[in-house]
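Counting in the working numbering, the final residue of the sequence shown is number 369, and the numbers go up one at a time with none missing.
Rather than coming from a laboratory, the hints here were simulated on the basis of the structure.
These numbers come from a predicted model, not from an experiment.
The beta carbon of each residue, even a glycine, is placed where N, CA and C say it ideally should be.
Certain hints may be false.
[Unchecked claim] Derived Cβ-Cβ restraints for the label pairs, each shown as a range:
(1) L313 <-> Q339: 37 to 45 Å
(2) L297 <-> S350: 31 to 39 Å
(3) S252 <-> G352: 34 to 42 Å
(4) E261 <-> L281: 46 to 54 Å
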Amino acid sequence: MRSIGKGDFGLIILLFGCLSASEIQAVTLLGESEVGQRSTSEDFDGEDQEDDYQYLNGHLALDGRISSKLTAESDAYRKTKDYEFLNDLDNQTDAFTVKPILLLRDEDKRSLKADFRANYRHKRYENQPRLDYNQIDLSQGTPHLIQPLGREILHRLT
Numbered sequence: 212m213r214s215i216g217k218g219d220f221g222l223i224i225l226l227f228g229c230l231s232a233s234e235i236q237a238v239t240l241l242g243e244s245e246v247g248q249r250s251t252s253e254d255f256d257g258e259d260q261e262d263d264y265q266y267l268n269g270h271l272a273l274d275g276r277i278s279s280k281l282t283a284e285s286d287a288y289r290k291t292k293d294y295e296f297l298n299d300l301d302n303q304t305d306a307f308t309v310k311p312i313l314l315l316r317d318e319d320k321r322s323l324k325a326d327f328r329a330n331y332r333h334k335r336y337e338n339q340p341r342l343d344y345n346q347i348d349l350s351q352g353t354p355h356l357i358q359p360l361g362r363e364i365l366h367r368l369t
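Can you make the complete structure from the sequences, with help from the hints?
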């Protein structure tokens, strides 16, 4: 199985890198990883076989405020499984999500926001290329009205 390389999560950084540094008002970058060993009997109830595998999970999240009306959230995941004896099940999954959020209206008591989400996922099996797949999902969030709780309480008290 491939290990996580330096450039594997570069897509998220590249998306924000396309904007000049002067245009980005705030950026938050978070990451986590998990490495270990498990068995299929731990994963699935009723599974009798003890098929041990090593796993590596990695996650990066990058959120940025690009302007007063535009923010973006993005995530990158990598999950790998390397089975001890069942090499046909060795696999790697990469998933990327980008979600820009546009502030359509901002008033004193409420805000109107709209979002769009783009997901890309591909899964690769080391010894079973016929099981490989790519998945692309595009979705549009309906504009929604946000009323912060603090403002609503303050409005009721006055």
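The hints, checked one at a time:
A beta carbon spacing of about 42 Å between L313 and Q339 agrees with the range 37 to 45 Å that was offered as a hint. Remark: the range hint 31 to 39 Å for L297 to S350 is upheld by a beta-carbon distance near 35 Å. One distance hint, 34 to 42 Å for the beta-carbon pair S252 and G352, holds here, with the actual separation near 39 Å. Checked against the hint of 46 to 54 Å, the pair E261 and L281 passes, with Cβ atoms roughly 51 Å apart.
Checked against the numbered hints given earlier, the structure satisfies every one of them.
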